[in-house]
Amino acid sequence: MTQPAVPDAFNLDVVQMRLDAIAQGMQETIFRTAVSPVVREGADASCALFSATGELLALSDAIPLLLGALPGSVDAILARFPAETMAEGDIFFMNDPFDGGTHLPDITVLVPIFSQRRLIAFAASILHHQDIGGMRPGSVPPDATSIFQEGLRLPPTRLARNGTILPEAEGLIRLNSRVPDTVLGDIAAQIAAAEDAARSLRTIATETGESAFLDATAACLDRAEHQSESLIAALPDGPFQGADGLDPTPGRPPVEVRVRLTLADGRISADFTGSSPQVAAPINCVRSGPLSALLYAVLSLAPATMYRNGGLLRRISLTLPEASVVNAAPPAPVNARTGMVRCITAAVLQALAQAAPERMPAANSGMSFVLAFSGSWPDGRSFVTTEIIAGGAGGGPDADGADAVSTDVGNAMNMPAEALEEIAPIRLVSARIRRGSGGPGRWRGGNGIERVYEALVDAVSVSLRGDRFERVSEGLMGGGRPQSSRATVLRTDGTQISLTARSAFTLDRGDRLVVESCGGAGYGAATPA
Amino acid sequence: MKTGVLAVDIGFEFVDLAFDRNGRVTTAKHPVGQAAPDQAILRAIEAISADADFELSQLTAIRVASTGGLNALFSRRGGRVALITNTGFADTLFLGRQNRRDLYDPVARLATPAFLVLTDDIHEVGGRLDATGDEIAPLDTQGLSEIIDRLEADPVDAVAICLLHAHLEPTHEKACADAITARLPELPVVVSHVADPNPREFERTVSTCLEAWLLPSQATVMRNLAAAFEQRGFAGNLQFCDGTGQLLSLKAACADVSAHLTSGPASAARHAADLAREAGVVTAITLDIGSTTTDMALIRDGMPTTTRHSQVADVPLRRIMSDVHSCTMGGLAQAKPDGLGGILMQLPDGDTYPILTECLARLGTLSLAADEKTATRLDALARETGSESREEAARAVVAAAEQTVAQAVLRYAVQRNVDPARVTLVAMGGLGSTLVPGIADRLGCTDILLPVASAVAGAMGMLSMTSSDTARIRVDAALKDLGQTGLDRYFRRLRALLPAASDTTVEWLSLEIAPTASMHPFDVELDTPTNAPDRIIAAFVEQYAARYGITPPFSGHLFAMTLSRGAATPDRRWPLPSMDESVTIAEGWTRAAVPGGFRMTRSRS
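Chains as they are written, first to last, in the numbering used here: chain H, 1 to 529; chain A, 1 to 605.
Isolated chain A (complex conformation) (with noise of 0.2 angstroms):
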């Protein structure tokens, strides 16, 4: 008989996983080393399989998510990808929007992720719709003829196609896929209207680029993974969580790798949205510091908040995802002096000044076998910033990083109008339990939320996830005119997309809406779909009011809607842990066992 579900979260240094076999979950953490992903995987659940008593055979279900994505991104590994657009607009990926990365810096550096494609597999098509996605020329098929041999000639992995107004109305696009397609078949093609609907060439071109930047590497991985699973006798459901905390089947997830990206992030948060809904937490933003980065996700209500708009890596991203941010402060995170007698934490560059993990180990807080030249580079350091001993310079570097996290929860929280002082902190990642509480003083916070299996919250968060189909279609119609009669119109079509309801599934409603339709749309969530107009616009009021402090200015532009069909969140209680478990306790905070973690409380007097 199958039972039991197993979560596998594989990270830059570490495979995560949790079993769940009736409730009662075991946990294990297993060094990648230089193993390929999916043998990293393997050696993992071998590891644990032991220990936990199972088989993949005997297994419900696997659930993965993995940074391999994120890991290829941060290295600029992906794959060699032609890009088709049209006529005019070969450089719009080199263009962007003409912003540069740092405003005072005296070199301007562009905001562009111009390392997508190069410039010579970049082919221009001629053929134009208008901006109501009527054709103003016809595609030009012999040209596009001429670019299907050169890409017959020369090779690459995968083909972007991105056309103008193409979200509106997608014939040049499909038209110059099934081209490609009929002499290559076996070239993986990714058209804009399918990976980013959405209007705007440059973020719609760097979605539709991305996609197949990293489809060669991140199916191969899946696919890889399925065949190993199913060579173990694994029968079970093969389930892959994308950035919303949504588990997708093999053939789903295959379609659309970049909704892996933040995977890792997005469960973790998912487990620290769990706790915090069982701890009666309304509003919390989750801290897992790693090595390299410090992810930060804001929990409101007991769901990890989502987003339409994000960067990873330097990448803009232009897709629904939870809200996570990546700020690159982690344990390897170098000190160097700033000329003011600061410090300015940063990525390793050379050998002169300390990390922080080696700092808190000279601290006493981190257990770390001691490396010689710390002191040497406590020395140098201490020198440059005018502090009298190694210790007051590891002192400096920790509060610098505390610092620096905390400048980030700052523009993150406010930037999503949320007062820092009056969120719980969610510690998360080898570094959270140490870091946050000084982070929560610098921000005025006085609750913090410390899960008990933090270091595998990736894992953990999966083990409350579940399946859903999702539809989407394009309204683009002013919600006034569009009436009750239109609203019903849309909902038949959504729901004629969709696998047929049974008693246990569940719907939800997303709504991109806009005070006009040249605004930037916003999205509207709806737990209980409705298609009663009044209903909708009261939500987009109240969402846009609380989002932004203002009333939105004009009644609303409802560019499209999409419908969510799944099983409903399993009602899980998390136990409470033992008030013998180790954790360190920083000075001023009290603490109190909650399910699944301890909350850690100080006066706000």
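Looking at chain H on its own, in the form it has when it is part of the complex (with noise of 0.2 angstroms):
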């Protein structure tokens, strides 16, 4: 059987699905063999394939806040890097915020796969690191005014050449993180999921021959360009309007997103205009966090048979207010930006609602903790150890929501107990749904998650990022709002301090920690009792 040079419908269908699995395939070899807990047992990863010309092919399943991150990220290493100076063997990465990455833990591992000496694709991850150096331990200060407070920051960077890790390279990262041989354990991993891919993507080349193998990658793209046409075509053409915000930082005036999203002429429009200028805390997010949030949103709407490539990206159009809490400008931190996306997305799920009510359920808790504990061990050994804690799903729109769920652009993994304690001289008490917390109606929505912590050591430096701790989630069709977010901790000598949505502070040994996520809104009028 002869491939045609133009593959027809199910051989272009056979391309998308092998893309799609080797993309996954990545994401399994980094959760496999990545060294740091966050990745290993919260699953911050995410993996991606690009064409010859730097547009996505394929994604894998994983934390959809990375979707957006990708696609900038390449860009911009391309752009440093042209792809005809590229050569085989070539490693880039790099982390900047500024130009399309997200905050400085996530690191973009980008290789270029050729075949025949022919440039085919590339293969690309991004991996939350667990220290990249900055004011404190993870990287995710909390109480961080610039981007200079947060690490380091890496423009496209060449990693390797010849397949060989550049000493420079790998001095950046020796000099900078506390942890280097676990964030160079993980950047392998990154190379290691890479090379997999490379290995597949020119089996498939060889067989097809490398001019065919770019002619289907390219029909790939228009045919999910096509596809997205028609699904933004058989939704309403608004405009709809969203709107939220987060819990106002100490001293800084509060933030506020809003979205006007227009789905006219098969293209999904969302203008941010209005959105508040950004603050000098680590709330703000760059372009690629709008973008993960506008792909959730679509991608929530989509038939499991539609491509998941970059021909979608082609249907949406983004309007960014320049140094804005959606769109910082240097240098604005932004280590706490998944509050601001998470936001984000809720404003665009509010509108997308007006545009298919019958199958959006009320907000979710709009939220998720990160956690990050450092300090050291009896023996001196050190320790950083990054957790994320989800809060409920929205009510409706024909069931209660889930209680204690990732939701929308967020779906990182608990922590165990057994894993945490092993690692960290910190017990986790009690991990327990905490009913009652979520918006009461027709619907209710999902409860968030109680956690109680003890440190067992003196000076355990805790890092806490969370939301709605005083903003929460109106419910949908006349349903209630969910309890807000709450953090304390319990001295020893039975102080109790309740903390911020954003603080940093020190455990002794004793100490707790309790940590409440937020729950869902309830969806329509609850019927009376």
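Keep in mind that the hints are not guaranteed to be accurate.
What follows is a set of in silico ranges between Cβ atoms, one per label pair, in the way DEER data are often shown [unchecked claim]: (1) Thr319(H) x His520(A): 35 to 45 angstroms; (2) Gln241(H) x Leu340(A): 26 to 36 angstroms; (3) Pro82(H) x His520(A): 30 to 40 angstroms.
To spell it out: a stretch of chain A is covered by chain H in this simulated footprint if at least three of its residues, at any positions, have a beta carbon under 8 angstroms from a beta carbon of chain H; those stretches are [as the list claims (entries may be wrong)]: (4) 96 to 102; (5) 272 to 281; (6) 396 to 410; (7) 438 to 444; (8) 472 to 480; (9) 516 to 524.
FYI, nobody ran anything at the bench for these hints, they're computed from the structure. All residues carry an ideal CB built from backbone N, CA and C; glycine is no exception.
Combine both chains into one complex, guided by the hints.
The following block contains the structure:
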């Protein structure tokens, strides 16, 4: 059977699914071989393939928060190192939020893939590294006021030549990270995943011939664009408005996100004009944040048969005010951008719910806690560990919301007590569903989570990033609001300290930290008992 | 004189039988109907015994594989289980790992098997161990006593006990179990340090609750079967197949019923592996396409591969088992428009759209009685997908079915570092020979193995199996620290746990190793056990690199060692089939007879 130069419809499906499977295979490799617990236990990484021209070809099923991060990072690397200058064995990395990245711990690794000396694709991954320097261990300082306090900022940089890591690139990590072996181990996992993908892609290109492969990938992108156009065209034009906001940072002005969605002419346009200016607190996000939110929102309406590649990106446009909380400019700090991306997603979903009300539930918790613990064991060994805690899902449209589950752009897994207690002198005293925290309604919002930690040594530094301590989402169709998030330190002397959404503090032996995440909003008016 | 081995594989619709007397094999299928599993098996045996000329009293062995546990899981019908856990951790089963089932479904749905235990049946008990297994708070015996009071007042079918760090130190779990058994001796108790002696409390809780949930029904079926066979004069060896393709005694099988969940697919994979080995195939993926699911398994070097993590009926399983993955696409899968002109294959829901088998019948591929509503259903589908005729719509459904399976195979293969275009596909199950050529085309595969006995592959696989004894010990030490002396000590302890070896027994070793103590363990398999640290590290590096394409970043932490000892695999030769055998040959494929089946190939050009 001869492969046609331009594949027919079914062959195109095969090409796309092989690409998807290869991206997923990269993800599996990273999860199984990563050294750091936030990846191994929390699954905080994402992988993708890109065309030889730098368009997104396939995505792994990972954390949608990272969906929008890779296209911008790959553009930035290709702008600095044009594809025609690349050679087999080259590897590049970067993390600059203002040049396509997200926040500094997320390092993108890009590997060009050649077959018969012809560039056929790129394999890329982005992974949350355990520590990349900065003012606090874990590189997510909740009290940062500028990017310079958050760690090493890497522009697009050559990591390897001829398959060998350059000593100066390794030196950058060794001199800046508190846990360089862990970071380099995780970078090795990213490279291994890319090399895995390269082998698989070369096999396909060899089967089909390089030219036919490139034609096929171009056709996959066109097909996805057409599918996206049909999907968007089937929805009402709008415009639809959405708005949300984060808890205020003490001493800083409140921040708001406003979005105006238009779904005309088979394109989805999101205009964030009216969103707040950036602030000197790490809650700002960069362009990858709203892009992730919008990509996720569209994919949540798409059937499973739709190609998930850059063809969809061709039908998306963003209007982002400069130097705003949704499109920060240097030197704004961005390490706690998760809350802002969740907030943007909530606003976008709120707008989209007006376009497809029968399919969308009430707002979810709109938050997740990111906790970083660091310090030293009694024998002097240091530890750094991060964990991510979800809230509740929104109720409806035909069932109660799920309790304690990662929602929308989040999909991180929790840290088992047995894993946490092995890698840090911290005891997880309890982990419970926070009953009653979901908003009331015909369909109740899902409950959040309550986790209680106890320090087993003195001087455990904790960096806590959360949200929805004050401002929670409204219910939908008459449903009620959920209970807000809370975090409290219980000192051994009986003192209780209520924390704010973004706090940095120290626990001494016996001190406890109680973290309670927000529930989801209710859907429909509750029936009177 | 006793002679002959009877293998019985009971599935959802049929009991498959294979009777082997001195290498001559007779096979049969018998419908399950509405009968209870043990009764269905007895009826099937009665039906075949006349044709095959045997009586139960003459048999050397009866071997049983079953999808009974799987059916219970799919239908969510199991025992009522009480769970005892640490204070503060009653919600572990519901919290899971907080990830959701479908990433892009706007309605987030939890990926936890919360159905295994009712909220009111979860009991917290005081007492705690730390991450080294040391006690930091004693077990609250008074609280435990009150829990047992409640179990006495409101009986359950089984109790699951899962306490933190019990995989390191089981004292508290044992004390709970002893206290329950002392007062309620008939109540089955499952403890996590036995059911799944590995870290991470959610996964261990699931394993423990699942065992307790399955135990009452599955153990009863096995015991009833044993009693019925005995009543009919059977005095041979009754053996039950587990999910790794090993044979267990009744006692061992009843002590670990979860082991049988995938015994049917595992034994079918074993038959496929036998044929692949004889045909000289190095890497193959089996596709067993039945009425509700397609089961796939990876064969390497003539044996089914194993895994430690799997998902069955939306329940995460953590145990060593044949690496079988099921996708919900079978003959009863229903076509539904996806809204973009395409078709999704889903579980049947309503009567609006056609199912796969009626589409195959419409195209003349399957012989089925005509259903007068088929035309109406195809018309409905054609209207919504833009097909111009019923035949075109039916072809689109078959294509969507092939696509669905191909997609699942792709993911399965790529996740195991296998190139899906370079494997041999083994076509099994009722629809295997019909659909696998089309699936192969989509994957770029050019090699298909079609067992003659593919419809009874589960029963056939058991004819090649042997029984074995297994011992596992926890090591939990860095390989470089253990050295020769340390490994020698553990080897001596392992061997002492097993019955004496004989001239005919062979040993194989499985090592749970991760690059560091906190990383995910990886199974290193050694057909020839060794206690030489250098050889173990070399095998770890080689197998890790083959699986993940990366050299392990650290030299290795050994969590546990499992030594198995059993009879060598019988040297069975399957006969060449006649070329007159009726086999559908897809366009572009050629076939050749190989031992036990046919090999179909096409050119890659």
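Results for each hint:
1. Thr319(H) x His520(A): 35 to 45 angstroms: Given range 35 to 45 angstroms: holds, Cβ gap about 44 angstroms.
2. Gln241(H) x Leu340(A): 26 to 36 angstroms: holds, 28 angstroms
3. Pro82(H) x His520(A): 30 to 40 angstroms: 39 angstroms Cβ-Cβ, so the 30 to 40 angstroms window holds.
4. 96 to 102: Answer holds; 4 residues pass the 8 angstroms Cβ test.
5. 272 to 281: That given contact is violated, which follows from only 0 residues of the stretch 272 to 281 of chain A lying within Cβ reach (below 8 angstroms) of chain H.
6. 396 to 410: Coverage by chain H holds for the stretch 396 to 410 of chain A (5 residues, Cβ < 8 angstroms).
7. 438 to 444: Check passed, 4 qualifying residues.
8. 472 to 480: The restraint on the stretch 472 to 480 of chain A is violated, since only 0 of its residues have a Cβ under 8 angstroms from chain H and three are required.
9. 516 to 524: Coverage by chain H holds here, the residue count being 6 at a Cβ distance below 8 angstroms.
When the structure is compared with the earlier hints, violations turn up for hints 5, 8 and for no others.
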